[in-house]
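Participant: Single-letter residue listing:
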Amino acid sequence: MATQLEPDAHADEDAFRTEVQQFLAEHFPAELKNKGNALAGVDGPTDETPAMTAWRKAVGERGWGTPTWPKEYGGGGLTKAQAKIIDQEFAKAGAYNPIGGMGVMMFGPTLLEYGSEEQKREHIPPICRGEIRWCQGYSEPNAGSDLANLQTFAEDKGDHYVVNGQKTWTSGGQWADKCFAIVRTDKSDKHRGISFMLIDMDAPGVEVRPITMISGTSPFCETFFDNVKVPKKNLVGEEGQGWTIGKRLLQHERTNISGGGRLASMMGQSLGDIAKNYGETDADGELADKVLRDKIADFEIRWNSFLLTARRAVEESKAQGGVSEISSVLKKVGTKLSQERSELLIEIRGLQGLGWEGEEFTDGELEAVRGWLFGKATTIYGGSTEIQNNIIAKRVLGMLDHQ
Amino acid sequence: MAVLNEEQEMLRDMARDWATNESPVTEFRKVRASGEPHAYDKDAYATMAEMGWAGVIIPEDHGGSDFGFMSAGLVVEELGKTLTASPLVATTIAASAIVLGGSEEQKAKWLPKLASGETVATLAVDEGAHHDPSTIETSVSGGKLTGKKAFVHEAHGADLFVVAAKDGLYLVEKGDGVSLATRKLTDQRSHADVNFDGAAADKLESGGDSLLDDVLDRARVLTAAEMLGMAQQVFDTTLDYLKQRVQFNQVLATFQALQHRMADLFADLAQMRSAVEAGLQAVDGGFGVARAATIAKAEANRVLHTISNQGIQLHGGIGMTDEYDVGFYLKRARVLEAAWGSSSYLKDRFAKLGSY
Chain H
19 MATQLEPDAH
29 ADEDAFRTEV
39 QQFLAEHFPA
49 ELKNKGNALA
59 GVDGPTDETP
69 AMTAWRKAVG
79 ERGWGTPTWP
89 KEYGGGGLTK
99 AQAKIIDQEF
109 AKAGAYNPIG
119 GMGVMMFGPT
129 LLEYGSEEQK
139 REHIPPICRG
149 EIRWCQGYSE
159 PNAGSDLANL
169 QTFAEDKGDH
179 YVVNGQKTWT
189 SGGQWADKCF
199 AIVRTDKSDK
209 HRGISFMLID
219 MDAPGVEVRP
229 ITMISGTSPF
239 CETFFDNVKV
249 PKKNLVGEEG
259 QGWTIGKRLL
269 QHERTNISGG
279 GRLASMMGQS
289 LGDIAKNYGE
299 TDADGELADK
309 VLRDKIADFE
319 IRWNSFLLTA
329 RRAVEESKAQ
339 GGVSEISSVL
349 KKVGTKLSQE
359 RSELLIEIRG
369 LQGLGWEGEE
379 FTDGELEAVR
389 GWLFGKATTI
399 YGGSTEIQNN
409 IIAKRVLGML
419 DHQ
Chain Z
33 MAVLNEEQEM
43 LRDMARDWAT
53 NESPVTEFRK
63 VRASGEPHAY
73 DKDAYATMAE
83 MGWAGVIIPE
93 DHGGSDFGFM
103 SAGLVVEELG
113 KTLTASPLVA
123 TTIAASAIVL
133 GGSEEQKAKW
143 LPKLASGETV
153 ATLAVDEGAH
163 HDPSTIETSV
173 SGGKLTGKKA
183 FVHEAHGADL
193 FVVAAKDGLY
203 LVEKGDGVSL
213 ATRKLTDQRS
223 HADVNFDGAA
233 ADKLESGGDS
243 LLDDVLDRAR
253 VLTAAEMLGM
263 AQQVFDTTLD
273 YLKQRVQFNQ
283 VLATFQALQH
293 RMADLFADLA
303 QMRSAVEAGL
313 QAVDGGFGVA
323 RAATIAKAEA
333 NRVLHTISNQ
343 GIQLHGGIGM
353 TDEYDVGFYL
363 KRARVLEAAW
373 GSSSYLKDRF
383 AKLGSY
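In order, the protein sequence lines correspond to chains H and Z.
Position in the first sequence (from 1) plus 18 gives the number in our numbering.
Position in the second sequence (from 1) plus 32 gives the number in our numbering.
Just so you know, not all the hints are guaranteed correct.
[To be verified] Just a sample of chain H residues kept apart from chain Z, beta carbon distances all over 12 Å, derived: (1) Ala69; (2) Ser134; (3) Lys138; (4) Pro222; (5) Thr262; (6) Ala293; (7) Glu343; (8) Val347; (9) Ser360.
[Claimed, not checked] Now the in silico label distances, taken between C-beta atoms and shown as ranges: (10) Z:Glu38 with H:Asp419: 33 to 41 Å; (11) H:Leu369 with Z:Gln288: 37 to 45 Å; (12) Z:Gln279 with H:Glu256: 43 to 51 Å; (13) H:Gly339 with Z:Gly207: 54 to 62 Å.
[To be verified] According to the in silico footprint, chain Z covers these stretches of chain H (three or more CB under 8 Å from chain Z): (14) 302-312; (15) 322-333; (16) 407-417.
Calculated directly from the structure, the hints in this document are not laboratory data.
Note that CB positions come from ideal geometry on N, CA and C, so glycine has one too.
Throw the hints in and build the complete structure from the sequences for me.
Facilitator: Written out as structure tokens, the structure is:
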């Protein structure tokens, strides 16, 4: 029987691959080849060109931007193997996935797990079509690493809540249509007094102020809620379940921050090659600055073993049907190494690597500077490195809580 | 832990059971106390060979199982955990040289004996205190090999030496023209300077120009596998200790300074394991071996160095005593860090492989 099934499975895969190729040939605009997916990120809005709109709609209608999500809510309803084929064929064609952002990375998977039928029908399809941008209402001025200390309060008014308070570090808040937020519904219980609710960003009483960062950009905002009415149907799960749901969402966030694939694509060219363009080489064609050469090799070796670790975490998780315990180190290791790389790039380029603006600097140089500065956030957000260390020590290594 | 096949899981479990029950660190203490220069228990090695461990990388038609380097690494890792003293790693490295570079005749003559444990072999490359295969003075003329090899692992137990000369690798049997001067190192294992004075030598003619590098890469990944076992053991022992030891009316494991240090070591150990397993798998796959082996040994050096030091620090005063095992791991660690490439040697090699 098994020998009978296998060729069929392969034939199905081949047929699906052909379908994807045909779809690309028909719908992917040539002018977008090898362009990044700016819209799907949280970094900023783009003026969508007609070609970009057409591409987003084409992929969104098929549900192929969220290939494994259920078809009944607008997803692709595909298997992981088929999703992989989409990835491969898109990559081959130089096509990006136009469906993304926090809705896809964090909120959607969480709502599929905890949302009511009505909520899924309302919110998941627009995410699959890339029509709605979501932002995250988590941190507050006095609730950073100690997130459960949040004070934004939702007062029960019968058929709706009235929300008052302030959120901060709201990524992409100035461009978002909706916000998934954790708010306090009970002041007497730190963790069980938290609820997860969905707030319209254009509701009266919502005010957003972008925060200028050390990188000169403003990807984060302060968000103020002043007597904002939130209908009861926008409560996800039950009252008091917000901490559980909110933490589940953070797991999705971490996976995305540390995802080896995304970091790997950021890394691009080897530092050794870049250094040869900026510095002297000796008679053997090696970097003449041997101290710098040693630092680069030291970094690249550790970076390679990080990529191997990310791959191993995926393989182990698949094999054991649960999250592998080494997944817990990916965020802390990956973000630290990315920061190290940015610092090394500056050392390689000297002051040419510290340009703020001006035509004397290449785009690559300027982007690296902004990336170096913005990258300092990666060891703070999504659970700081110190919080990650607590999680590893307590949950993985079984080291006890302070008595 | 890499995802293993059934065969590999059985092999690993068998090695783990045997090392835990038959070869705990107390066995290494006995070997040390015996003071014998070959520094291993010959009966124990015979048992290991009977279980097939000496033939894991040897082809089936020459008496091995041909399971490959990933499988060999699993066994070596388990033995590393209990510091089992044996010539298994040295013999496996030497066997790989014959597998890669030997004629049919040489293979038929030696591989079955290496697989059965009857013959112990070792690789002799370096001529000074640092690993440096680019400065070999040993030479051969008229089938006679002359030169001095320094700090050769398992030299006292070896019946056969695979010796690097200027023009390639040679097989030299112990006996006429071969003399040993013991070099006692911190790990209390067998090391000797070996003087070859016109010893009869049989060249490994196959394997091409890269034979020595290919063999050294196999030496690097297997040594890294032993180091992985050691690092894992020190980490586990230290974690257990922190969960028991009470100071200031609290178990040490509740102190955040120590929790965060252990989280760092856990991450380092994860990186080391990924690199070492990938190195072993690269040898089996035959692709990107030089780079993968360099990364494997470099990460093994970095992480075992840190963990062996932290093992002592976190045990506190008792970690300094001979009664506790943790010091043995430190003293073996540095010897293996120097073997087949220190961290600076490996970083240089990695940069060369990347053309910078």
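Participant: Confirm or reject each hint.
Facilitator: Here is how each hint holds up against the structure:
Listed as outside the interface, Ala69 (chain H) is consistent with that label: its C-beta sits roughly 39 Å from the nearest C-beta of chain Z, beyond the 12 Å cut-off. For Ser134 (chain H), the requirement that its beta carbon stay farther than 12 Å from each beta carbon of chain Z is met, with the minimum near 38 Å. At roughly 34 Å from the closest C-beta of chain Z, the C-beta of Lys138 (chain H) stays outside 12 Å, upholding its exclusion from the interface. Residue placement check: Pro222 (chain H) keeps its beta carbon more than 12 Å from all beta carbons of chain Z (closest about 45 Å).
Every beta carbon of chain Z lies more than 12 Å from that of Thr262 (chain H), the smallest distance being close to 24 Å; the non-interface claim holds. At the 12 Å boundary, the C-beta of Ala293 (chain H) falls inside the reach of chain Z, the nearest C-beta of that chain being 6 Å off. Glu343 (chain H), annotated as away from the interface, has a beta carbon of chain Z within 12 Å; the closest lies near 9 Å. With a minimum CB-CB distance of about 4 Å to chain Z, Val347 (chain H) fails to clear the 12 Å threshold, and the non-interface call is violated.
Annotated as non-interface, Ser360 (chain H) keeps its C-beta farther than 12 Å from every C-beta of chain Z; the closest such distance is 19 Å. Glu38 (chain Z) and Asp419 (chain H) have their C-beta atoms about 40 Å apart, which keeps the hinted 33 to 41 Å range intact. Checked against the given bound of 37 to 45 Å, the beta carbons of Leu369 (chain H) and Gln288 (chain Z), roughly 40 Å apart, stay inside it. Look at Gln279 (chain Z) against Glu256 (chain H): about 44 Å separates their beta carbons, and that is inside 43 to 51 Å.
Taking the beta carbon of each, Gly339 (chain H) and Gly207 (chain Z) are about 57 Å apart, inside 54 to 62 Å as hinted. Residue count for the stretch 302-312 of chain H with a Cβ under 8 Å from a Cβ of chain Z: 5. That meets the three needed, and the coverage hint holds. Restraint check on the stretch 322-333 of chain H versus chain Z: 8 residues with Cβ-Cβ distances below 8 Å, three needed, restraint holds. With a threshold of 8 Å between beta carbons, the proposed coverage of the stretch 407-417 of chain H by chain Z holds, since 9 of its residues qualify and at least three are required.
In summary, the structure is inconsistent with hints 6, 7 and 8 from the numbered list given earlier, while agreeing with the others.
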